[in-house]
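With chain D fixed as given, assemble chain F onto it according to the hints.
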Amino acid sequence: MNTLVEILSPNFLLRQALIGSVLVGLVCPLVGVYFVLRRMIFLGVALPQLSAAGIACSFFIYRVLVGPHQHFELTERGLAMIGSFSFTLAGLLILAAFERHRETVEARIGITYAIAAAATILFVAADPGADAHMVSLLKGDILATTSTSLGVLAGVFSTIVLMMFAFRKEFLLVSFDRDLAIVFRKRVGFWDSLLYLLIGTTISLGVMTAGPLVTFGFLVVPPLTARLVTQRMLTFSLVAAGLGAVTAFVGFYCAYRFDMPLGPAEVAVASLVLVAVAAAGAVRHAADRWRTP
Amino acid sequence: MTNTALLQLRDLSLGYDGRVVLESVSLSIERGEFLALLGPNGAGKTTLLRGMLGLIPVLAGQIEYGFDRLAHPPGYVPQRETLDPIFPLTVFEVVLMGTYARLAPLQKVRQRNRQLAALCLEQVGLAHLANRPFWALSGGQKQRVLIARALAVEPEILLLDEPTSGVDPGATSAIMDLIARLNHERGLTVVLVSHHLRLVRSLVRSVIWVEEGRATKGSTDRILAPERVADIFGTLTGTV
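One line per chain: the protein sequences are D and F, in this order.
If you read the first sequence in our numbering, its first letter stands for residue 1, the second for the next number, and so on.
If you read the second sequence in our numbering, its first letter stands for residue 294, the second for the next number, and so on.
Just so you know, not all the hints are guaranteed correct.
Some chain D residues near chain F, calculated using beta-carbon distances under 8 Å [as the list claims (entries may be wrong)]: (1) 168; (2) 184; (3) 189.
Only some residues are given here: those of chain F computed to face chain D with a beta carbon under 7 Å [claimed, not checked]: (4) 365; (5) 366; (6) 369; (7) 378; (8) 380; (9) 393; (10) 399; (11) 420; (12) 423.
Covered stretches of chain D (in silico footprint by chain F; criterion: 3 or more residues with CB under 8 Å from a CB of chain F, positions within the stretch not fixed) [as the list claims (entries may be wrong)]: (13) 27-41; (14) 77-88; (15) 175-182.
Derived by calculation from the structure, the hints in this document are not laboratory data.
Using N, Cα and C, we set each Cβ at its ideal position, and we do this for glycine too.
Next up, chain D with everything else stripped away, as it sits in the complex:
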């Protein structure tokens, strides 16, 4: 109880990290619902890794062309953002262009993941200035969240949330029945691209803030949990976002209280909720079948 009071106190030392965690937990599932609905879940593994490769690549290029960058400076964040965003968006657009060709989708995503993971390590190894701090930036170091980066995160995520809700009927139509959207003469390519842009931005910021593991976890796990208990699109999105925020908070509490690594703790809590909800659903289903003659 004391830990909870301490965490909620305005003077809590890691307050910015806590807010950053909850923001990532809130927004990643909101865009993640479209990963689940469009059956692009495995993209959620490859894209955060691609984002990390982009960060490593931008540092490497900067090192070669300009020289060493200074840690904790704005240029470092800017470099990471440019690298992460450009790699994520390029990867998303290329992989999404083949979204309808289902036959080789796993192979393409698997290759993307393998190349991205290898490239990340190679870029870091090739950069003589790479050190522990940079590696932590690649993995996402939420405890190092500053007020500036938190402000950027809050501003960009607020815009993403507003756009996801403002254009939800367009995103739903092109995702659920693309042919109908074409018959209605909607600009399908534009809406797909806008959705991918919002997803790409969320992943880039998520990876820089919390790392690939947490970003992938929150893109996929809360929406999968929410899908088990909701039957309407709006409630599906809201429950997924709400679950993400709550599990991020509980994960943060557990990590702080029991001295565990933050990212894995958050994903573990979200996964436990998924297992509990799925088990409850299975028990209810079995009971219904048993009652029915």
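Structure of chain F alone, referenced to chain D:
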């Protein structure tokens, strides 16, 4: 184009990835017509329907529309298997989607859109299922919901892709009766792809016969004359 023609196909060629499936199709569909697209499997019936809807590019020739496609898009009923059951949608939400045709981005779904969706659901006799999950319905019920969604567009023409495919005989009759009623009572032009030769023969007045890359339009009596059907299908006269 005649005054009453809703769709006029002129020397039309359609296909996929540059491969021609249908060639030199010229025919017109008049306002208020009820016709079926028939032919052997793989002949190009769905290709022709998708061409009329603007879902595949025209390789040659042209399609003239006798209605405003922006204000009143065609009512399209796809095969229900093309829709993914992973989407959490109620019956009402699916029907409401039909009203999106005339909603601009940022324009909110209004009360009149909801009323229209409710009315369309009532017309197909499923108002009592409005809040049920779409995927919990039977095949025939889902098909009627998709017809309600097409009606919510307030279309001048209804195009249906095998609306009775995989549906039991009782539900098949209910769906075909509903479509016939929409044509008779509302004067809605109807084009449907079907495999049920016998069922279609008793309902439609005209047929577009699709075979070997060609499409021919004619009266039901002429195209589906017993000797012609026997000639094409040998002893098989029940279904194509």
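Holds or violated: the stretch 77-88 of chain D covered by chain F, criterion of 3 or more residues with Cβ-Cβ distance under 8 Å?
As far as the stretch 77-88 of chain D goes, the hint is violated, because 0 residues have Cβ atoms under 8 Å from chain F.
Is the shortest C-beta separation between residue 168 (chain D) and chain F less than 8 Å?
This interface hint is violated because 10 Å lies over the 8 Å limit.
A closest beta-carbon separation below 8 Å is what the hint needs, so does residue 184 (chain D) meet it against chain F?
Since the shortest Cβ distance to chain F is 4 Å, the answer is holds.
Would you settle whether the hint for residue 378 (chain F) is holds or violated, based on the nearest Cβ-Cβ distance to chain D being less than 7 Å?
violated, 11 Å
Hint check, residue 423 (chain F) versus chain D [nearest Cβ-Cβ separation less than 7 Å]
Where the cut-off is 7 Å and the nearest Cβ of chain D is about 12 Å from residue 423 (chain F), the hint is violated.
Do the numbers back the hint for residue 369 (chain F), that is, is its least Cβ distance to chain D under 7 Å?
Holds - the Cβ of residue 369 (chain F) comes within 7 Å of chain D, reaching about 5 Å at its closest.
Per-residue hint verdict: residue 366 (chain F), partner chain D, C-beta under 7 Å
holds, 5 Å
Taking the least C-beta to C-beta distance, is residue 399 (chain F) closer than 7 Å to chain D?
With a closest approach of 6 Å, the residue 399 (chain F) hint holds.
Regarding the hint that residue 189 (chain D) lies at the interface with chain F, is the smallest CB-CB distance below 8 Å?
violated, 14 Å
Apply the coverage criterion to the stretch 27-41 of chain D and chain F: a residue qualifies when its Cβ sits closer than 8 Å to a Cβ of the chain, and three qualifying residues are needed.
holds (count 3)
Status of the hint placing residue 365 (chain F) at chain D (closest C-beta pair under 7 Å):
violated, 11 Å
Count the residues of the stretch 175-182 of chain D with a beta-carbon closer than 8 Å to any beta-carbon of chain F: does the count reach three?
Since three or more residues must qualify, the claim that chain F covers the stretch 175-182 of chain D holds, with 6 doing so at under 8 Å.
Of the hints listed earlier, those the structure fails to meet are numbers 1, 3, 4, 7, 11, 12, 14, in rising order.
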